[in-house]
Amino acid sequence: MRIDGVLIDDTFAEAFGMRATRLIVTAQNATWARNAGIAATGFATSVIGCGCEAGIERELSPAETPDGRPGVALLLFSMSTKELTKQLERRVGQCILTCPTTAVFGGIAEGDALPLGKTLRYFGDGFQISKLVGGRRYWRIPVMDGEFLCEESTAMVKAVGGGNFLIVAESPAIALASAEAAIVEMRKVEGVIMPFPGGVVRSGSKVGSKYKALGASTNDAFCPSLRGRVKSELGDGENCVMEIVIDGLTADQVAQATAVGVRAACKVPGVRRITAGNYGGKLGPFHFHLRKILGDAA
Amino acid sequence: MSRILKLRQAPPGRISLAGITPDRLAPLPANEIERLPLIWGKQTFALGDFFTVSGDAELALTFEGFDPRFSDAGAAMAAGECHIEGDAGDFAGRDMRGGRLVVNGSVGRFAASGLADGELLVSGNAGDYLGAALPWLAGGMRGGRVVVRGNVGARCGDKLRRGEIFIEGDAGDFCATRMVAGSVIVAGRVGAHGGYAMRRGSLLLLNAPFAAPPTFAETVMCADGYLNLVWRDWLARFDKASPLAAFAARAVANGTTPRRWMGDVAADGRGEVFGFAG
Numbered sequence: 316m317r318i319d320g321v322l323i324d325d326t327f328a329e330a331f332g333m334r335a336t337r338l339i340v341t342a343q344n345a346t347w348a349r350n351a352g353i354a355a356t357g358f359a360t361s362v363i364g365c366g367c368e369a370g371i372e373r374e375l376s377p378a379e380t381p382d383g384r385p386g387v388a389l390l391l392f393s394m395s396t397k398e399l400t401k402q403l404e405r406r407v408g409q410c411i412l413t414c415p416t417t418a419v420f421g422g423i424a425e426g427d428a429l430p431l432g433k434t435l436r437y438f439g440d441g442f443q444i445s446k447l448v449g450g451r452r453y454w455r456i457p458v459m460d461g462e463f464l465c466e467e468s469t470a471m472v473k474a475v476g477g478g479n480f481l482i483v484a485e486s487p488a489i490a491l492a493s494a495e496a497a498i499v500e501m502r503k504v505e506g507v508i509m510p511f512p513g514g515v516v517r518s519g520s521k522v523g524s525k526y527k528a529l530g531a532s533t534n535d536a537f538c539p540s541l542r543g544r545v546k547s548e549l550g551d552g553e554n555c556v557m558e559i560v561i562d563g564l565t566a567d568q569v570a571q572a573t574a575v576g577v578r579a580a581c582k583v584p585g586v587r588r589i590t591a592g593n594y595g596g597k598l599g600p601f602h603f604h605l606r607k608i609l610g611d612a613a
Numbered sequence: 064m065s066r067i068l069k070l071r072q073a074p075p076g077r078i079s080l081a082g083i084t085p086d087r088l089a090p091l092p093a094n095e096i097e098r099l100p101l102i103w104g105k106q107t108f109a110l111g112d113f114f115t116v117s118g119d120a121e122l123a124l125t126f127e128g129f130d131p132r133f134s135d136a137g138a139a140m141a142a143g144e145c146h147i148e149g150d151a152g153d154f155a156g157r158d159m160r161g162g163r164l165v166v167n168g169s170v171g172r173f174a175a176s177g178l179a180d181g182e183l184l185v186s187g188n189a190g191d192y193l194g195a196a197l198p199w200l201a202g203g204m205r206g207g208r209v210v211v212r213g214n215v216g217a218r219c220g221d222k223l224r225r226g227e228i229f230i231e232g233d234a235g236d237f238c239a240t241r242m243v244a245g246s247v248i249v250a251g252r253v254g255a256h257g258g259y260a261m262r263r264g265s266l267l268l269l270n271a272p273f274a275a276p277p278t279f280a281e282t283v284m285c286a287d288g289y290l291n292l293v294w295r296d297w298l299a300r301f302d303k304a305s306p307l308a309a310f311a312a313r314a315v316a317n318g319t320t321p322r323r324w325m326g327d328v329a330a331d332g333r334g335e336v337f338g339f340a341g
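Those protein sequence lines, which keep their order, are chains G and U.
Its first residue numbered 316, the first sequence is counted upward by one per residue in this note's numbering.
Its first residue numbered 64, the second sequence is counted upward by one per residue in this note's numbering.
FYI, nobody ran anything at the bench for these hints, they're computed from the structure.
Check the hints yourself; a few may be wrong.
Said to hold, decoys possible - Some, not all, of what chain U presents toward chain G, calculated at C-beta under 10 Å:
| hint | residue |
| --- | --- |
| 1 | 244 |
| 2 | 246 |
| 3 | 287 |
| 4 | 289 |
| 5 | 296 |
Stated by the list, open to error - Away from chain G, derived, C-beta distances all over 12 Å, residues of chain U:
| hint | residue |
| --- | --- |
| 6 | 65 |
| 7 | 67 |
| 8 | 74 |
| 9 | 91 |
| 10 | 97 |
| 11 | 102 |
| 12 | 144 |
| 13 | 158 |
| 14 | 184 |
| 15 | 251 |
| 16 | 252 |
| 17 | 254 |
| 18 | 260 |
| 19 | 305 |
To be verified - Quick partial rundown of chain U residues pointing at chain G, CB under 10 Å, derived from the structure:
| hint | residue |
| --- | --- |
| 20 | 283 |
| 21 | 291 |
| 22 | 294 |
| 23 | 299 |
| 24 | 315 |
| 25 | 335 |
What you are looking at is a predicted structure, and each value in this text was computed from that prediction instead of being measured.
Ideal placement from N, C-alpha and C gives every residue a C-beta, glycine not left out.
So that you can see chain G by itself, here it is in the shape it has in the complex:
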């Protein structure tokens, strides 16, 4: 299968079940909402070392937010309810509560409740106020710029993490341009984030290492500097690989993001091949077959 002349490997991306929630963060203007969102989703590229994977899903107009102010929608993914609860408390407490003029709301209608204001309210030292508006409970916590408004809880849903595809190109510049083009289109898909810097990861990993302390190490088969030295997956003219990792609230959303991303990536001249990372299908329950997804999307 080829798209715009680019070979689509007959392989699949292997993804895992995760726990996720969406937060709506609003502020006096879009800049401060964005500041809060960037801080709250910082250092959240991989559950391996960060505890969660998080990102700004999209920016929201005043008409789309509960309090009529500009905002951002954040998605946070973790491997367990316990870890997601911990990450939520820390990130909202340290990055959103602290950010001027912000308020935070749950962004998913139904699911298991995770505490939000329920635990943060104690910062109010007894002066916090609980109000029920429209059937939802909020906490008003006095802070130095006024009040921090925070919904009591947010809903958690079962989600999908680790969807991916790899862009194999003639040069780093081409691979990066292709990845950037893919990310622009993928960010238009609802319910997904690409958690790595700019949405792109250059240090794809394989399971295991020669060093006992490490559970994962560089994906040598896709490292151009090792082509010819190891059993490489790269052929002639394939000199750079960029990976895009996708977390989504549903498998359909991950598949949709993969499809639009691959199609956008293929439009950049110099891209040789699109492939995907998997573990033989034995670890993750979600398999995104590239050709099937792209066929369905077409």
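For this one, chain G is given, so just place chain U on it according to the hints.
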């Protein structure tokens, strides 16, 4: 179509209609409903002595004609919808746990007292102690929502624990006193001693000035975020003709700058009064 209870004759005195609710009547056939006992002192009447029963067995009940001497209308109802065409007596909607009680008329004293969930809508006026605690209880309303299109008497929301009371008309003296939590909203004028001894909770005076006693401290108004949610909730809930919806629409369009007081520091001091008219 709902089950219909049509007034046949007025009661000889105050008779409680506790238990005559849509959720409890729904599974009963009409003849059984007519035989339901109503106690008046030492005498026992049947519901059929005062009402003729017709309509379908649905989770809806309509009283066609009523008498204010019937108390406890809709008391303890848990689900469904109950309409009363006429003035209801005391304790209407008492201890409701769900559903919707609509009174196309006025209600007496202690309406919605102990209401935990559901909604009471009154097109006319309400007497004293709307949503307030019974004298021997520590708390009044425990949740849910009351909307009164007309005026209410004294002690509205006394010891309110949770829930919202909306008054589109005027409120009497001692409005929202000894509140523990919840919200009381008054669109018209308010009597003396509003918010007296409130511990927590919110009193919103949309058009009346607040005569703050020395035990209330005026604070900087920083509750815009909360009020933004409130206005949007009102716009979604009330029809455009309601003064509450009109107020919310103006607030969203033009913004508001109410004064805010915290008190009553003679009690817990964590209650708040918003005065939109200064």
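For a quick check of understanding: which of the numbered hints are violated here, in increasing order?
Violated: none.
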